[in-house]
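Trainee: One letter stands for each residue in the lines below.
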Amino acid sequence: MKQQLSILILCLPFLLYSQSSAKIKWGKIPQSDLDMQVYEKDSSATAVVLNDKTVGEIYVFKDRSFFDIKRHYRIKILQSEGYEYGNIEIPIYSYKKEEQLKHIKGQVIHPDGSKYKLEKENINKTKRNKYYTDTYINFPKLVPGCIIELQYNIETEDFFSIRPWYFQREIPVKDATLNMKIPEVLKYIILANNEEQLKYTDNLCYVNDVPGMKEEEFITTMDDYMGRVQYQLKEINNRPYFSTWQKVCEELTESKYFGQQIKAKKIKSLITEARPILDNANTMEVEELVNSLANVVYENLKWNGDYNIYVNEDLKKCLEAKEGNSAALNLAFLALLRESGRVAYPFIVSTRNHGKLYPFYPFLSQFNHTMVFMKHDNKQYMIDLSDRSKFALLPRANSLNGTGLVVYSENAEIVTTPIYKSTSFVKTNLKIEGEDIVGSASCSFKNHLSIKERKKHLEDKAKEKWEAALSSDISKATVTNLNSDNLEENSAKFAESFDLKISGKVEMLDDLLLVTNDLFLPFKTNPFSAKERNFQIDLTYPRKYIVISEYVIPKGYALESIPEPLVASLPSNKMSCKIIYTQKGDVINCVRELNFKSPVFDVIEYQPIRGIFDLIFQNIEEPIVFKKL
Amino acid sequence: MRPYISICILLCFIVASNAQSLKVADFPAEVLVNDPGVITVFKEHKVKVKSDKKVIESVHHIYTLFEQDEGFNVIYYENSFQEVKNLSAKIYDANGTVITEIKKKEIIDHAYIEGVSDSRVKAIPTSYGVLPYTVEISYDKIHKGIMFYPDFDIQWPNEAVISSSYSIETPAGFDIQYKQVNIDQEVKIDQDENNTTHSWTVTNISKPIFEKHSSPVRKNLPKVMISPHDFSIEGYKGSMTSWNDFGDFMYRLNEGRQKLDPGYIKEILELTKTAKTDHETVAILYKYLQDNFRYVSIQLGIGGWKAEEANFVFKNKYGDCKGLSNLMVALLSVKNIEAHPVLIYSGKDEQFVFEDFVKPNFNHEVIYIPSQDMFLECTSNSAPLGYMGRGTQGKKGLMFSSDGGTFLLINRM
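If you're matching them up, the sequences are chains A and B in order.
Counted from 1, the first sequence has number 554 at position 554 by the numbering used here; the numbering is strictly sequential.
Counted from 1, the second sequence has number 1239 at position 239 by the numbering used here; the numbering is strictly sequential.
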């Protein structure tokens, strides 16, 4: 392919470039940059990227063609806390010299204008593994207010997927430009994040004043948000390169490590073992069939923790080793399901850690996980095998990333992954005995919230887990008579019950007894305590937590006070919460309900959510008070 | 033809394998108590000292996993003076039947840490879906020059041992010393015309039980520590007969590296001219160090022990813990204030550092100023004068100077 490309380009009349308009000359630093003491747009920044100019150009020679990416940037280091930005790491895909790092040049400029060159002794190389070599550059003589200036070229032979250009970093970026001088014979698709920041003129794209990026919780992956631009080859000389999803599917179906694995001959041992199930498949409901076949796969294959769209090894070998990656488990299951006569297809996705999918760009590199898609009686099912603790008809939480591709052998369909709502329900009956609380709890969980609970039981760690969750700095929980309803069953639901005793949970104050009703909180500390948030909140799946607690009023005491009720919800009603106390005879009943009806919340909804969480955490600190008669 | 060859090789392997059955059902009951996560079925660790430029370490280890580990067996080596060869690995099921042989291309070779370093790792994928299963690993590690002899590490906290042996063979002039920790095992010494061999063998040790609030787990594990008397590395000769000798080696290794250019000296004299006492000078110079220098991790070759030259650090304004400590000593000496580097183990856990046995288990360096009775942590840009980090408080460090090595205790603060 590479050779073909070279010839093509050589044969064509060269080349129409656009002109660069970015101005940054080596060593010519504006006085204002030298004088800068604080970056106005973000006074907390410890360093700021002043300019970042990247120029990409294609060079075609007889023996070698490459993209030459020249990078030239300046970073102003405002405080000594920003010295780490004077340590630069450049990873290179050095395997077969496919990428080469050349012409490194650097200098440090002090606020008084004095300059110090980067020398060989400041540059070290480490071969990370067979494929990558990391170059470490440590700028010398940093002082607060200094500017580091660096220039280097990367020559890459990978024309098809050019390494992404990040115009956003942890620290703010004042100006950055990307100038890709691409000959007309090559057409690229540009995939961009934070596109609203980008401005274009012909082949030049640039940004101004991009804020720094800090990591936050409840997020798919930071890479989904970091501003970047990536070029993917689309056409060579008007002929499509990797044209359509349909072609992608055809290729996958032919592939030795994908389509060719979905064959009965690859999973003979599974078929033999599943024979009784397969023979009765016609009479079985979808759920029953999927679960029994999944159990056969689990008996013979353990997930090795890796995600891939392709099997890590031929399924025959995986079955010998009793282990395989995510594709191996799901494709083995698919082959087995087809043996039962059901119609099903592979379904490939990009997991949440892997980044979001661009549905309009048919590149296989976007995916990293294979699941199973089944249609039956006009209903769609997504099947995702991981281990026994998870219901097979429930995709892994990590697989829920918006959309995926159904791989029909001669067609393709982008399908949205459904939304699965999770619930957690806990009911307790509690009595006060001296400084202790004793009683019982019964819990039931559905969908994703059930996975961890079932897993703890399967690992025999449930007692430990509950005791840790119900203890605090001043109280200690003991859990006994732990029972579960349907541990071995592969089901979306899981129920358990146990007796509990929490020593030191009751505070005695003269003739008063104080009990804080803070047991079984879904979050031990407030997850939304940050003052601000820059990204949407992504909880992966909608969820509802209900806790009903009953406290028997201790003999010789009367109820003195209960906390005020709390009822709050977002204006959109996408999230709501309710905490209500009532007294019925000698029983205090407390209902606590927290409901996220949507998995995703916009940035503008953050402040109201934060407000509600503040109220919740204030409310649960309020004790129930009993007074001696 | 090829299948026949592989079958032959396979047969040879099986025949050459050891006598202990790999069938889990045959394991002696005494090693199964306390539910160990891993049982070493057989381990043979042989060290052959050929010369001061060549030491061959051969390891043959068979262990059964009852709990899933990280899924890799990891062999560490230093790229500049060690090489790992003849690596092979196999996996057996609970009945002792071979499941798979790890292919060469499956072994991953990668850098041990992020950053500038010579430390590398060979990671052998050893996971298998059904517990328990057994892993057999063998390899040779060739050391081109050696400062540390490998210890006999008998057991880890979650491990029981059926049989494990260690031997070290040394030619005349390469005497070793050893210290047995938490174990009474007799050493066996064999002597022939050319070589002396020290060996230890242990059998049937159950998983240790540690109670809460006992001293650190690591310190209660049995092991035999081994050190050379005389050693040589990259052209430097040294001795570990006493800590004083080792301190002397460290001093010689770093001798002359505190030299500063006249321009730098002038700068320091200018900076400290207002100081009235030595204490003020120390305070000014420490602040100067904190304001102008940064810590950067650089660990190459014997660089693990040799400090970057003071001139390099002064010029570039960065260095690792040794480089920064060495520079601080140099800065102080400009004002005739005596200071010396101190090697120490910094970290939450305790290391095996004994005053009566030389094994330099250190990972950090600070300095000591006798006239002020003060330690300085030279890698922190913010620590108050004389403050030592949590990881070093309450530990003993080895100070080295022209008088050799001496132990000093860093008090808790």
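None of these hints come from the bench; they were simulated from the model.
Please note that the accuracy of each hint is not assured.
BS3-like cross-link-like pairs, simulated, lysine-lysine; straight-line CA separation at most 27 angstroms [what the hints assert, rightly or not]:
| hint | chain 1 | residue 1 | chain 2 | residue 2 |
| --- | --- | --- | --- | --- |
| 1 | B | Lys1090 | A | Lys317 |
| 2 | A | Lys322 | B | Lys1276 |
| 3 | B | Lys1023 | A | Lys317 |
| 4 | B | Lys1335 | B | Lys1054 |
| 5 | A | Lys120 | B | Lys1315 |
| 6 | A | Lys117 | B | Lys1090 |
| 7 | A | Lys125 | B | Lys1335 |
| 8 | B | Lys1335 | A | Lys141 |
| 9 | A | Lys62 | A | Lys117 |
| 10 | B | Lys1273 | A | Lys141 |
| 11 | A | Lys96 | B | Lys1273 |
Trainee: All hints, please: hold or fail.
Mentor: Hint by hint, here is what the structure shows:
no.	hint	result
1	Lys1090(B) / Lys317(A)	15 angstroms, holds
2	Lys322(A) / Lys1276(B)	75 angstroms, violated
3	Lys1023(B) / Lys317(A)	23 angstroms, holds
4	Lys1335(B) / Lys1054(B)	44 angstroms, violated
5	Lys120(A) / Lys1315(B)	13 angstroms, holds
6	Lys117(A) / Lys1090(B)	52 angstroms, violated
7	Lys125(A) / Lys1335(B)	37 angstroms, violated
8	Lys1335(B) / Lys141(A)	23 angstroms, holds
9	Lys62(A) / Lys117(A)	36 angstroms, violated
10	Lys1273(B) / Lys141(A)	23 angstroms, holds
11	Lys96(A) / Lys1273(B)	58 angstroms, violated
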